[in-house]
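S.K.: What follows is each chain in one-letter form.
Number of protein chains: 2
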Amino acid sequence: MALVVQKYGGSSVASAERIRRVAERIVETKRAGNDVVVVVSAMGDTTDELLDLAQQVCDTPPAREMDMLLTSGERISNSLVAMAIHGLGEEARSFTGSQAGVITTGAHGNAKIIDVTPGRVRDALDRGSIVLVAGFQGVSQDSKDVTTLGRGGSDTTAVALAAALKADVCEIYTDVDGIYTADPRIVSDAQRLDTVSFEEMLEMAACGAKVLMLRCVEYARRYNVPVHVRSSYTTKPGTMVSGSMEDIPVEEAILTGVAHDRSEAKVTVVGLPDVPGYAAKVFRAVAEAEINIDMVLQNISKVETGKTDITFTLPQTDLPAAVEKLTALQGEIGFSEILSDDSIGKVSLVGAGMKSHPGVTATFCEALAEAGINIDLISTSEIRISVLVDDADLDNAVRAIHNAFDLGGEEEAVVHAGTGR
Amino acid sequence: MALVVQKYGGSSVASAERIRRVAERIVETKRAGNDVVVVVSAMGDTTDELLDLAQQVCDTPPAREMDMLLTSGERISNSLVAMAIHGLGEEARSFTGSQAGVITTGAHGNAKIIDVTPGRVRDALDRGSIVLVAGFQGVSQDSKDVTTLGRGGSDTTAVALAAALKADVCEIYTDVDGIYTADPRIVSDAQRLDTVSFEEMLEMAACGAKVLMLRCVEYARRYNVPVHVRSSYTTKPGTMVSGSMEDIPVEEAILTGVAHDRSEAKVTVVGLPDVPGYAAKVFRAVAEAEINIDMVLQNISKVETGKTDITFTLPQTDLPAAVEKLTALQGEIGFSEILSDDSIGKVSLVGAGMKSHPGVTATFCEALAEAGINIDLISTSEIRISVLVDDADLDNAVRAIHNAFDLGGEEEAVVHAGTGR
Chain L
1 MALVVQKYGG
11 SSVASAERIR
21 RVAERIVETK
31 RAGNDVVVVV
41 SAMGDTTDEL
51 LDLAQQVCDT
61 PPAREMDMLL
71 TSGERISNSL
81 VAMAIHGLGE
91 EARSFTGSQA
101 GVITTGAHGN
111 AKIIDVTPGR
121 VRDALDRGSI
131 VLVAGFQGVS
141 QDSKDVTTLG
151 RGGSDTTAVA
161 LAAALKADVC
171 EIYTDVDGIY
181 TADPRIVSDA
191 QRLDTVSFEE
201 MLEMAACGAK
211 VLMLRCVEYA
221 RRYNVPVHVR
231 SSYTTKPGTM
241 VSGSMEDIPV
251 EEAILTGVAH
261 DRSEAKVTVV
271 GLPDVPGYAA
281 KVFRAVAEAE
291 INIDMVLQNI
301 SKVETGKTDI
311 TFTLPQTDLP
321 AAVEKLTALQ
331 GEIGFSEILS
341 DDSIGKVSLV
351 GAGMKSHPGV
361 TATFCEALAE
371 AGINIDLIST
381 SEIRISVLVD
391 DADLDNAVRA
401 IHNAFDLGGE
411 EEAVVHAGTG
421 R
Chain C
422 MALVVQKYGG
432 SSVASAERIR
442 RVAERIVETK
452 RAGNDVVVVV
462 SAMGDTTDEL
472 LDLAQQVCDT
482 PPAREMDMLL
492 TSGERISNSL
502 VAMAIHGLGE
512 EARSFTGSQA
522 GVITTGAHGN
532 AKIIDVTPGR
542 VRDALDRGSI
552 VLVAGFQGVS
562 QDSKDVTTLG
572 RGGSDTTAVA
582 LAAALKADVC
592 EIYTDVDGIY
602 TADPRIVSDA
612 QRLDTVSFEE
622 MLEMAACGAK
632 VLMLRCVEYA
642 RRYNVPVHVR
652 SSYTTKPGTM
662 VSGSMEDIPV
672 EEAILTGVAH
682 DRSEAKVTVV
692 GLPDVPGYAA
702 KVFRAVAEAE
712 INIDMVLQNI
722 SKVETGKTDI
732 TFTLPQTDLP
742 AAVEKLTALQ
752 GEIGFSEILS
762 DDSIGKVSLV
772 GAGMKSHPGV
782 TATFCEALAE
792 AGINIDLIST
802 SEIRISVLVD
812 DADLDNAVRA
822 IHNAFDLGGE
832 EEAVVHAGTG
842 R
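Protein sequence lines correspond, in order, to chains L and C.
The first sequence maps to residues 1 to 421 in the working numbering.
The second sequence maps to residues 422 to 842 in the working numbering.
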C-alpha cells in the first residue's frame, strides 16, 4: 500500500461541481489501495474577494490579521472536499495547517516551513480516513499565530507533508497536464516532458516556469520527494520530477526546455568609482532593502575617468524601493546617475544536456540574431543560459530558441486558466 | 480601568462600511480608558452561503466538517474588524475560539463550553491590544477538533469570556436597543426595560424572547456577569440584565413583560390506561428520542373507561420524530391514538412582581376572554404564567395581556432585521 499526497489548485475546486469531481478522483486513489493525504487551495476567487474586503476596511491591513483572514479560504475548500468525499462513502477528516503540524517562521504573508509534525494526520490515516490539510498555512513556532506561506504555498505544504510522512509520491494537480518544453500559450508545438530531474526543474522554476514554484522544488529536492505534475481535468500521464541530474547517463541528457520571465526590471548604476568595495556598497544597500537581485553585469571601466557602470535585475515590484534606497545613498556611494527599465524580459534555456553539447551558447545567440532580437545581458550556469531582451521581443525569443534546439513535438497541450496559490 | 467584553451580531458587520462603524465604537470604548475584548459573529449572510455550498457537495455533510466550514465565517469577520481597528490607529489582535481557550464538549454543531482558559487573550490585553475572539466556536477537550456552539453561540462566547476574564460588563450589541416588555413588532407601545434580573430574563428567554438566548443568560447568571443589551446603531442606554430577583424590594417588583413563542407543537396521547407508570412510559419514549418537552397537561380520567389523555408541547422541528417514536411503542404503552397540532402559539407573562400581586392569573385569563381567545393549556411558575392558544390568535393575545397589565410606554422602539447566531 502506497501513501500518496495530492494537491489541487484553486481552479480545480472553484465550484461545487468541480469539488465533487476532485472528490471522485481522491476516492478512486483511495479505493485503488492507497493511503491518501490531500492539500487543497482556496476556491477560485475566494482569495481575491477576501483581499478586496480587507482593502475596504483598512488601507494597510496588518500582516498578522491578513493571514488570519486569508487562511479561512483553505479552511472552506478543505472542509467542502471532505464533505464531498463523505458523500461518496469514504471517511474524510480536514485539518488546518496548525492542526496538521505545519510549523513555520513568524514572517506573516511569507512564512517558511521549519518543521512538520503530522501526528494527527498519521493517526487519521491509521484509522482508514482520507486526510485533508489546508494548504498555504501554518502556525508560527514562537507566537503560535496563524501564518501563510506566500506564493506557491499550497504546493510547498503538499511536498513538506509528503516528506514528513515519507510518502511515495506527491501529486500536484494543476491547470496544465505537465511540465512543457516552453509555455504552450507562446509556443504551439511545445512538448510535454515525461521526466525532469530536480536540478533542471529548479533552473526552470527559477527562470520563470510557473507550474511549480522554486520553493516547492527546493523542498522536494532536499527531501527527495518525487513530484508528479498532472492535470486535474484529464487522466494524461503528466510529468514526474525526481532524481538527480547526476544519475542521467550523459548520452541521454537532453535540453529540458525554454523558460521565460516577464516579472523583472533592470537597474543601471552609472559612473561608479572603479575601486574595490564600491560594487559591494551598491549590493549591500539593495540587500538592506530586503530585495533579491538576479543577473549582474559590470561593464569594463573607462580608463580616462576611472569610473564604471553596474547593471542588475530585480523583481519589478521591488524597483521603486531599490531606486529610493540607492538615491538616498548617492553621496556615500558616489555614483553619478541611476537608470531603470521595467520593460524587459528574460528568456532561458535549461537542460543537463548542455554540459555535454558544445556550441549551445553559439546556437542560442545565433537564433536570437536571426530573429532580429538584441541581447541586453547574458548570464549562464552549468545547465542554463539566460539572456535579457526587450519585453516586446520576449515571445519571439522563446519561439526562436525552442525552434533552434528542436524541442517541439506533436502532442497537443492542455491549458486552463489558473491561480498562483 | 474597566474590562469590557463586547459582542456584535452578524448584521452589525454585514458590510465593509458597517465593520468600520463597529470598529469606531470599539476604539471609542478603548480610548475611554477600558480594556476591550470583542466577539463578532459571521458577516450577514456568510453562514447561509456556506451552508448552501455544503448542501451542494453532500446531502448529509458530517457534523465535524460542517463545524470546520462554518467557523471560517467568524474568522473572516473578526480579522476584518481587527484590520479596521488598526486603520483607526489602535492595536488589535484576533484569535480563533481555540486560540482564545474556549474548550468545549465534542458535540459538533451544538457543543457546550466546558472551560475558558484565556491566557493569550490576557497577554494581548496586557500589551495594550484590543482583542477580537471568533464567536460561536471552540475546540473539543478530547479530540482537539473545531466545534460550534449552536444558536446564540456568539453571545455565550462573550459571556463565557467575560466570566473567565472577570470582566466588569458584557455588552451585547444587537438589532434592538434593549429588552422590551413585548415584541415591538407586535405591540406598538412596548416599552424598553432599564434593568431586568437574571431570573426574569431566564423566564423571558425560555418563553421565546429572542434578544438573548437561554444558554447565554444561564451562563451569565451562574457566573454573575452583568449583561448590557444595546443597539449597534444607536447610543441609547439599552437594558442591563443583572442581579438576583431576590434583591429587588417587594414594593418595587414589577411585571417584566410578555413573551411569545411560535416554535412549538402540541401532542395529545389519547386513551392511555390511568394506572401509575403509563405517563412515565410516554415521557421516557420522547426523552429517548432526545426531545425536550415543555408544557404538560393530564386530563381527569374518565371513570367509565379507566383511561386518560396526556397533552404536551415540544419544538415543532421534533414533532415528526416524537410521533414516530410513540407510534412505534403504541402496543407497549397501550394508548389508542395520537393527535398532533403545530398551529399553536404560547404567550407568557413574566415578572417578579407577580409574587406580591394577587389576582394576576385572573386578570390574565379575563384579558384573553375579553379578546375572544380560547385558552388551550395553562402552566405557571413563581414568576411566570404561560398559556397555549391558537397560532392565529397569538399576536392578539400578546397585545391583550400587554394592555391588561399596563406595560405600555411612550418611547419608540428601534428594530432592525437580524440573524440568530
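Each hint should be verified, as a subset may be incorrect.
[Stated by the list, open to error] In the SDA-like style, the derived pairs of lysine to any residue whose C-alpha atoms are separated by at most 20 Å in a straight line are:
id, chain 1, residue 1, chain 2, residue 2
1, L, 210, C, 549
2, L, 144, C, 565
3, C, 565, L, 103
4, C, 565, L, 123
5, L, 166, C, 544
6, L, 144, C, 548
7, L, 144, C, 550
8, L, 144, C, 737
9, L, 144, C, 631
10, C, 631, C, 546
11, C, 565, L, 126
12, L, 144, C, 544
13, L, 144, C, 508
14, C, 565, L, 120
15, L, 307, L, 329
16, L, 210, L, 396
17, C, 565, L, 277
18, C, 565, L, 210
19, C, 565, L, 127
20, L, 325, L, 277
21, L, 355, L, 249
22, L, 307, C, 546
23, C, 565, C, 540
24, L, 355, C, 543
25, C, 565, L, 91
26, L, 210, L, 249
[Claimed, not checked] DEER-style ranges, computed between Cβ atoms:
id, chain 1, residue 1, chain 2, residue 2, range
27, L, 33, C, 544, 34 to 40 Å
28, L, 222, C, 684, 33 to 39 Å
29, C, 727, L, 88, 55 to 61 Å
These aren't lab readings, by the way, just hints derived from the structure by calculation.
Ideal Cβ positions, reconstructed from N, Cα and C, are used throughout, including at glycine.
S.K.: Each of the hints needs a verdict: does it hold here or not?
M.R.: Do the hints match the structure? See the list:
About 44 Å separates the Cα atoms of residue 210 of chain L and residue 549 of chain C, which puts this hinted pair outside 20 Å; it is violated. In summary, the hint linking residue 144 of chain L to residue 565 of chain C is supported, as the alpha carbons are separated by about 16 Å, within the 20 Å threshold. A hinted pair counts as satisfied when its Cα atoms are at most 20 Å apart, and residue 565 of chain C with residue 103 of chain L qualifies at roughly 17 Å. For a cut-off of 20 Å, the pair hint linking residue 565 of chain C to residue 123 of chain L stands: about 13 Å separates their Cα positions.
Simply put, residue 166 of chain L and residue 544 of chain C have alpha-carbon atoms about 38 Å apart, too far for the 20 Å limit, and the pair is violated. A C-alpha spacing of about 16 Å is found between residue 144 of chain L and residue 548 of chain C, which places the hinted pair at or below 20 Å, so the restraint holds. Distance check on the hinted pair: residue 144 of chain L and residue 550 of chain C sit about 17 Å apart at the alpha-carbon level, within 20 Å; holds. For the given pair, residue 144 of chain L sits about 45 Å from residue 737 of chain C by alpha-carbon distance, which is inconsistent with the 20 Å threshold.
Between residue 144 of chain L and residue 631 of chain C, the direct Cα distance comes to roughly 38 Å. Violation of the 20 Å bound is thereby established for this hinted pair. Between residue 631 of chain C and residue 546 of chain C the CA atoms are separated by roughly 32 Å; this puts the pair beyond 20 Å, and the hint is violated. In summary, the hint linking residue 565 of chain C to residue 126 of chain L is supported, as the alpha carbons are separated by about 18 Å, within the 20 Å threshold. The straight-line distance between the Cα atoms of residue 144 of chain L and residue 544 of chain C is roughly 13 Å, inside the 20 Å bound, and the hint therefore holds.
Distance restraint check for residue 144 of chain L and residue 508 of chain C: the Cα-Cα separation of roughly 24 Å exceeds the 20 Å cut-off, and the hinted pair is therefore not satisfied. Distance hint between residue 565 of chain C and residue 120 of chain L is fulfilled; the C-alpha atoms sit about 10 Å from each other, no more than 20 Å. A C-alpha spacing of about 17 Å is found between residue 307 of chain L and residue 329 of chain L, which places the hinted pair at or below 20 Å, so the restraint holds. Taking the CA atoms of residue 210 of chain L and residue 396 of chain L, the gap is about 19 Å. The hint holds against a cut of 20 Å.
Restraint check: the Cα-Cα separation between residue 565 of chain C and residue 277 of chain L comes to about 57 Å, which exceeds 20 Å; the hinted pair is violated. Distance restraint check for residue 565 of chain C and residue 210 of chain L: the Cα-Cα separation of roughly 37 Å exceeds the 20 Å cut-off, and the hinted pair is therefore not satisfied. A distance of roughly 16 Å separates the Cα atoms of residue 565 of chain C and residue 127 of chain L; the hinted pair therefore holds under the 20 Å criterion. Between residue 325 of chain L and residue 277 of chain L the CA atoms are separated by roughly 18 Å; this keeps the pair inside 20 Å, and the hint holds.
For the given pair, residue 355 of chain L sits about 12 Å from residue 249 of chain L by alpha-carbon distance, which is consistent with the 20 Å threshold. Between residue 307 of chain L and residue 546 of chain C the CA atoms are separated by roughly 57 Å; this puts the pair beyond 20 Å, and the hint is violated. The suggested pairing of residue 565 of chain C with residue 540 of chain C holds, with an alpha-carbon distance near 17 Å, which does not exceed 20 Å. Our distance criterion of 20 Å between C-alpha atoms is broken by residue 355 of chain L and residue 543 of chain C, whose separation comes to about 61 Å.
Note on residue 565 of chain C and residue 91 of chain L: the hinted pairing holds, with a Cα-Cα distance of about 18 Å set against a maximum of 20 Å. Between residue 210 of chain L and residue 249 of chain L the CA atoms are separated by roughly 28 Å; this puts the pair beyond 20 Å, and the hint is violated. The beta-carbon spacing between residue 33 of chain L and residue 544 of chain C, approximately 48 Å, falls outside the hinted interval of 34 to 40 Å. For the hinted restraint 33 to 39 Å between residue 222 of chain L and residue 684 of chain C, the CB-CB distance of approximately 60 Å leaves it violated.
As the Cβ distance of residue 727 of chain C to residue 88 of chain L is approximately 56 Å, the hint placing it in 55 to 61 Å holds.
Taken one by one, the earlier hints fail for this structure at numbers 1, 5, 8, 9, 10, 13, 17, 18, 22, 24, 26, 27, 28, listed in ascending order.
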